[in-house]
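Here the protein sequences line up with chains A and B, keeping their order.
All residue numbers for the first sequence refer to the working numbering, where the first residue is 3 and numbers rise by one.
All residue numbers for the second sequence refer to the working numbering, where the first residue is 1419 and numbers rise by one.
Keep in mind that the hints were calculated from the coordinates and are not lab data.
The structure displayed is predicted, hence computed values, not measured ones.
Yeah, the Cβ is synthetic: ideal placement off N, Cα and C, and Gly gets one too.
No false leads were mixed into what you were given.
According to the in silico footprint, chain B covers these stretches of chain A (three or more CB under 8 Å from chain B):
| id | segment |
| --- | --- |
| 1 | 185 to 198 |
| 2 | 242 to 253 |
| 3 | 268 to 277 |
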Amino acid sequence: MTNSIDTSIYTAITEAIQDEARRILSERSVIAVVGYTAARRKGSAQPVVITQADDAGKLIFSAACVNNLAVYLTKAKKEIPKGGKIGIVVKGCDLKALVGLLGESQLKREELYLIGVPCAGVLASTAQPARELTGDTIAPKCRECDNHLPQGCDFVPDQRPVTLELAGKYSAEIARLEAMTPAERWAYWKEQFKKCIKCYACRQVCPFCFCEQCLCDRNKPQMVETTPRPAGNTAWHIVRAMHLAGRCAGCAECERVCPMDIPLNLLNRKMAKELKELYDYEAGFEVREKGPLAMYDEKDDQSFIK
Amino acid sequence: MHHTEKHNFEPKIIAFVCTWCTYAGADLAGTSRMQYPANVRVLKFPCTGRIDPVFILKAFQQGADGVLVSGCHPGDCHYIAGNFHARRRFAAFRKLLEFVGVDLGRLQFSWVSAAEGGKWVEMVTDLTERVRGMGPMQEFRELALEEQWSGAIDTPELREAYNSI
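Next comes chain B alone, as it looks inside the complex (with noise of 0.2 Å):
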């Protein structure tokens, strides 16, 4: 029997795959029955330059604590092309999110091709592990939970309503 241990936090782990090579090696990873965390929550697309960085964005928002986003090795793109530009996209992205003050701890992109099934589980628990080890993502979800005007009314009587929904 496969060991489980128990932990205080699960972390959300949201993973963008590409249908063609992560997809098809986290595939191999469940057909070849490696365990790897069931954090991980994947969404498959035609490919990682389909991966438009305000997907990240709305993953965080939703309450994401960590997200993955993975494909085809360079070069080995069904597109040809497609991981080649999302490699910029995702270069300007995570300088910018950095600025904007997230740790990019969170944040991992990585190459799996269809016979890395190893390589998926190994991205998963690290990734797992170390947003694990970082805590929940407070930043977006204490801004989702903010007011922006209204929140300068602030009376004991709103304060207790609110407290009791």
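This is chain A alone, in the form it adopts within the complex (with noise of 0.2 Å):
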């Protein structure tokens, strides 16, 4: 196939970011860095928290470097050693979940150490983590990628990453899904719906989901029935869709875990995609304090109210 992905880069990046995560370790200006290194299975890629500038030969990059690690940052993880600057290895679409976590206050800038990648793509989640990045092998995340070269990181490795032009899945199923008649739509969503399990993996995965006490685990009373059947199913994906509107950029870990292949990130890119036509907002490019559904114009749309 012509359509593989130059991922060359990757090694260099791998060697630029165990230098510097080595030098800000041994200068103690932090106090751990969160990574990647190698797991178990041939190629794949797993999360590490090094504390120790002589584990910095562990951390890597490549393609199987999939994971979201702003979720280790957030209140909903502890495995993060408290009382100090924290370094973190981002690619372009993990920085704009934690743009949008600075603007909530879960974090403060002057408390982390960015270490930007420019990323030329991952791997799907349906791909072997071995398997060479192409055209084929890639996240539906990164052919939509607007975001390669992560922009306000403390320190980007020189390399410069080789694209493709690929067509958006994500868009075109959005405008497939919008020319059907709503029965046609319903029909789709209960199939998807109907194959969770609950095991909220997408919950667990996601930047956003930091409330302490998830309004969906309540039962006094309960809003969303928890047993995994199809109406607490639908319920739970509306709900998560509607509290990620306006603050999901879209790193699609959701999507990635879930067990069951429900398009999750489908729902949320149309979220996206919404309140940038209404509002004329985008998440994930500046640090802002309050999101679409957080403030409000005197102008705004009304068409739709009596």
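Please assemble the complex out of the two chains, which come individually in their own frames, going by the hints.
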């Protein structure tokens, strides 16, 4: 196939990340670095937290480094040592999530040391980790990526990614669904939500699902049925999409971790599209205190209100 | 005497209203002895800003055929800006519901002030008649009856037992 994507820069990026992590850890300017390390399965990668400069050699970057590490910095995760500056390896999409968390006062910029990764794309969840990165094995979110080179980081390796022009899958799928009748769309989503087993992996992996008590776990009153039945599943996915509207910048981790392959990011992208059309707001590009649903304009459209 | 027509289907309409404007407007309609369909069940909230989209979802899941959300006109909010925030939230929520496949004809938003008893009557009547024309909200009802894994187990004995309930 000719649509393979050049990932040769990832070797040099790995070295640059290791050197930088070694430097900041030995200078004690950070107390820990959150990054990726090789996992046991050939070619695969997993998140790692290193606190010693000697461990910097463990860090890698490859097309299998799919995780959004921003999730480890939220209140919901307690793995990260407290009481100092944290270094974190971020791809462009992960940075967007971090920017959102900064805006929501979950993190302070001065407590972070951002190691940006010039990223040509990562593998889809369906591809084996050792596979070559091509137009077929690339993650759907990377096809529509507009942030290959993270902006505003403390350190970015010099390498520049070479990217392919790929047709967007989400935009095409949204257009396909929008062209359907409500009944057809209902049938489509019913089939999708039916598959849900309520494992809540989408919630656990989402950087924005940091509420200490989720509305969907409350039972007095119970707003969303917790059993994995179609009714409760539908409610969960609607509530999830609504709570992420205007916040989600599309790291697509929810979709990646979904064991039932529900197209979760499709709902998120649809909401992002609508909020851009309605309020000209795009999440993840600048640190803003308030999202589109936390502010208002007196001249907002109200054509739908009688 | 007021003339009441017999219908085959009486829709259940849930109205989420704010206490300061629409509730007072509905009260005015009542004290002025205006007639409007008894299909509407009014739920009073401090402000439209308190009406979480999940309430609308819950109403549909619990068997509502139509939902009306009504509050103060923009600029009249007792809490200054509650209705402005609500306006954005509902604009987004109806787009989401539409994308999931809910017919937006069943969901009506309106501004009804404390002086607009007539407008309240009009809103309730319009929505009731529209939803009556659309028939019962089957989608969520069917969903509530569906099972997931156990749905695959479909033996004649089970079916008979189920039907006899």
